[in-house]
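Undergrad: Residue strings, one per chain:
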Amino acid sequence: MEKYLIINGIKVFFDNEKNILEVIRKAKIELPTFCYHSELSTYGSCRLCMVEVENMGIIPACSTPCSSGMVISTNTEKIINMRKIVIELLLANHDRDCTTCQKSQSCKLQTLARRFGIETVRFKNVTHKTDKDLSTYALVREQDKCVLCGDCVRFCDEIQSIGALGFVNRGSKSVVCPSFGKDLELSECVYCGQCSRVCPTGAITPRSEVRQVWKALSDKNKKVIVAIAPAVRAAIGEVFGLVNESGIRTAGKIVAALKNMGFYKVFDVSFTADMTIVEEANEFLERLKEDNIPLFTSCCPAWVKFVEQYYPEFIKNLSTCRSPQGMYGAVAKRIMPRVLGVKKEDLVVVSIMPCTAKKYEARRKELADNGEIDIDYVITTQELAMMIEESGLRFQELESYAFNMPLGFKTGAGVIFGTSGGVTEAVLRNVAGSMSDGQDESEQFSFVRGDNGIREATINLLGRELKIAIIYGLRNARQVLRELKTEKRKYDFVEVMACPGGCVGGAGQPVYNDLVTRQNRTKVLYENDKTLELHKPQDNPYVQKLYNDYLGGAPGSTKAHEYLHTHYKYKKRYKESVAISDNDNKGVEINVCFGNHCMKRGSKDILKHIVEYVESKKCKDKVNISASVCLEKCFSAPNVKVAGTTISKPSDKIIEEAVDKELK
Amino acid sequence: MKSNYEKFKSVCSILEHYSFDKSKLIPILQAIQEEYKYLPQEILAFISSALNISPAKVYGVATFYSHFSLTPKGKHIIRVCDGTACHVKKSSSIIEALREKLNLSESEMTTKDMLFTLETVACLGACGLAPVLVVDDKVYGQMTASKAVTLIEQIKG
Chain A
1 MEKYLIINGI KVFFDNEKNI LEVIRKAKIE LPTFCYHSEL STYGSCRLCM VEVENMGIIP
61 ACSTPCSSGM VISTNTEKII NMRKIVIELL LANHDRDCTT CQKSQSCKLQ TLARRFGIET
121 VRFKNVTHKT DKDLSTYALV REQDKCVLCG DCVRFCDEIQ SIGALGFVNR GSKSVVCPSF
181 GKDLELSECV YCGQCSRVCP TGAITPRSEV RQVWKALSDK NKKVIVAIAP AVRAAIGEVF
241 GLVNESGIRT AGKIVAALKN MGFYKVFDVS FTADMTIVEE ANEFLERLKE DNIPLFTSCC
301 PAWVKFVEQY YPEFIKNLST CRSPQGMYGA VAKRIMPRVL GVKKEDLVVV SIMPCTAKKY
361 EARRKELADN GEIDIDYVIT TQELAMMIEE SGLRFQELES YAFNMPLGFK TGAGVIFGTS
421 GGVTEAVLRN VAGSMSDGQD ESEQFSFVRG DNGIREATIN LLGRELKIAI IYGLRNARQV
481 LRELKTEKRK YDFVEVMACP GGCVGGAGQP VYNDLVTRQN RTKVLYENDK TLELHKPQDN
541 PYVQKLYNDY LGGAPGSTKA HEYLHTHYKY KKRYKESVAI SDNDNKGVEI NVCFGNHCMK
601 RGSKDILKHI VEYVESKKCK DKVNISASVC LEKCFSAPNV KVAGTTISKP SDKIIEEAVD
661 KELK
Chain B
1001 MKSNYEKFKS VCSILEHYSF DKSKLIPILQ AIQEEYKYLP QEILAFISSA LNISPAKVYG
1061 VATFYSHFSL TPKGKHIIRV CDGTACHVKK SSSIIEALRE KLNLSESEMT TKDMLFTLET
1121 VACLGACGLA PVLVVDDKVY GQMTASKAVT LIEQIKG
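Those protein sequences? They're chains A and B, same order as listed.
For the first sequence, our numbering gives the first residue as 1, with consecutive numbering after it.
For the second sequence, our numbering gives the first residue as 1001, with consecutive numbering after it.
Just so you know, the hints here were simulated from the structure itself, not pulled from any lab data.
Be a bit skeptical, because a hint or two may be false.
[Claimed, not checked] List time: in silico DSS-like cross-link candidates among lysine-lysine, alpha-carbon distance up to 27 Å:
#1 Lys1024(B) with Lys600(A)
#2 Lys1002(B) with Lys604(A)
#3 Lys1022(B) with Lys604(A)
#4 Lys1156(B) with Lys1090(B)
#5 Lys1057(B) with Lys604(A)
Could you put together the complete structure from these sequences and hints?
TA: Set out below in structure tokens:
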């Protein structure tokens, strides 16, 4: 028997839709919501999706399961009035400086206020004008624009398993903020920025660097060079009403727009993506020889920070290759001055990314050259669109231009980097080597493509069976890491991207809320790959030339390591420590680690012994004992730090000696 | 007064008592508040690490319930009932008198000498005795402003 609902008098069939909201939307009725995202759990707080159901009264569509024969009205006078009041109340609580808001025109609250014809807000405005959180390069938080829908909180927790944001307080005092009300920088945030993507208003937005870039462009003594990431070309057209445009044409228009704005050279990050693959594939082969596997990709800075924070034991598995942006930075700042004949200090390097975490990555100390960062400014696809609009360029009508050489020439492998599975496919193409004539190299490994957050593939290559995993979403990554630890899973190569669908779904891209938009972007990249002449990164003649001229001739050379590799280190999540001594933090510092690993391995006994020993020696006032999480040496737990020196797995005697030494 | 070490030891025993079970977060926080008289930030961070939950979540729970306090409280806790019955019987005059006596305000609830904390509660469930106040779990019924002030002087000794 077919199941159906009657929506506004029209019969609509349904099958497995999880609630009546999904069926209503299937019937092409755009029921308003703030807190409903099909990928997240149902929360039911915004009360905008209320509908009238016969014999049931007014109920929220998002949390009502379907039952056949329901008679639903979505637009009765009662409901419309109710929605209007909800919006009016939200507006009373909202910083309504729309004209200066980043989210203007893509803000759901603004759209709904217009849709429902809100002409006046009858209630007094009660915003508090709290300061913006500008602690990170990636994101800006503005509490007064929050509607408390909790989308960010649930995304961070449910999809990314981070939980950097949470609800604080209750009732009218509720706010969403990082732990202890601190700035985002001090939280565990990995800067994936998906919170800003799901935020219906401007409460969390990517931090703009547009002003700085304009300033550099107007400086006559500076030459500004720029490169665009693969995923950017797949999405920017959406802002200008260009649908189904090919990646090559859009990229050409972007180049034209950037030249018009006054950029000196326009390059393609796909070129350095080709380099990344060549370098990473070389690392992979070496690791296979040494049996030092699995190799984790390291192109996604949010994923890298995730491993550094939560799984230090896997840091050694992260590829030491810089990401394509990292390689572009090194090449642009350290090699291009020689190629272009421009002084290094006169060069300003900009990159355009689909990502907010890339803003953070560019400032990582590990990527700096003697303390100087390579990339001066990172702007997102959204920011590029703003710059184009600001210049008054009619993007749709621009004629395509070609990228500048040499960093503008790429193979298809560098282009598909922007989607989940792309890095894996590119590495496989490189490892497999050339194919015999006539075969389509762009389809050789297409079986790694797909839409699931965890995908597996087994390939016979190099005379052995290679097991591969492709993951997006950090909760998925956490699950795989846990199972790798218990050896429930075993892989040779693991690709992880933090954002759903990979970089195409990044938080720097134009705001999207439906799967189809993201899938279209992926399609654009694969088509772009197909239409290029070359598909294997090792065939890129300019990559070869760059290696020959500046990078020691081949992947893995000393020079290549100096320029194209990096390192990672354990990043502490907690900065707090608990005072154990009662002497107001005076005296020789003794720090006992109470992190998870150490606690399981007896930090309590160590602390007990130290306290008793100090008491027996009657020198309680001369030491300052504290317990902290954690000392970042989990492999050799338990750990104690005496006057700055960490002692691992200490015996009672060793601790006593260390304390005695300091007390003398 | 307990030393920092003794308090920290009890935090560890509390965690062990609840087998590091994250679903027992609220009883754990209650037990810890019993020990410290409030929830120090560094202890909350430690709890979040030990139970493997994000600190934002622990902080969210700790700020949601008015029972939990994130600032140190005085030695004696005075709770004046301001529920409907007590309010009608002029509990607000008691609150005002105590604030004046202890030099406190709506935002500043603990005396500088850390001797008293003055709180208001919505209902103590003793409406028959209205207006009611509770000092350190001892209930005083049919209070007046002057009786309350005398009571404070007695406790101070």
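Undergrad: A separate judgement is required for each hint: does it hold in the structure or not?
TA: Right, here's what the structure says about each hint:
no.	hint	in the structure
1	Lys1024(B) with Lys600(A)	holds, 19 Å
2	Lys1002(B) with Lys604(A)	holds, 18 Å
3	Lys1022(B) with Lys604(A)	holds, 20 Å
4	Lys1156(B) with Lys1090(B)	holds, 25 Å
5	Lys1057(B) with Lys604(A)	holds, 26 Å
Comparing the model with each numbered hint stated earlier shows that all of them hold.
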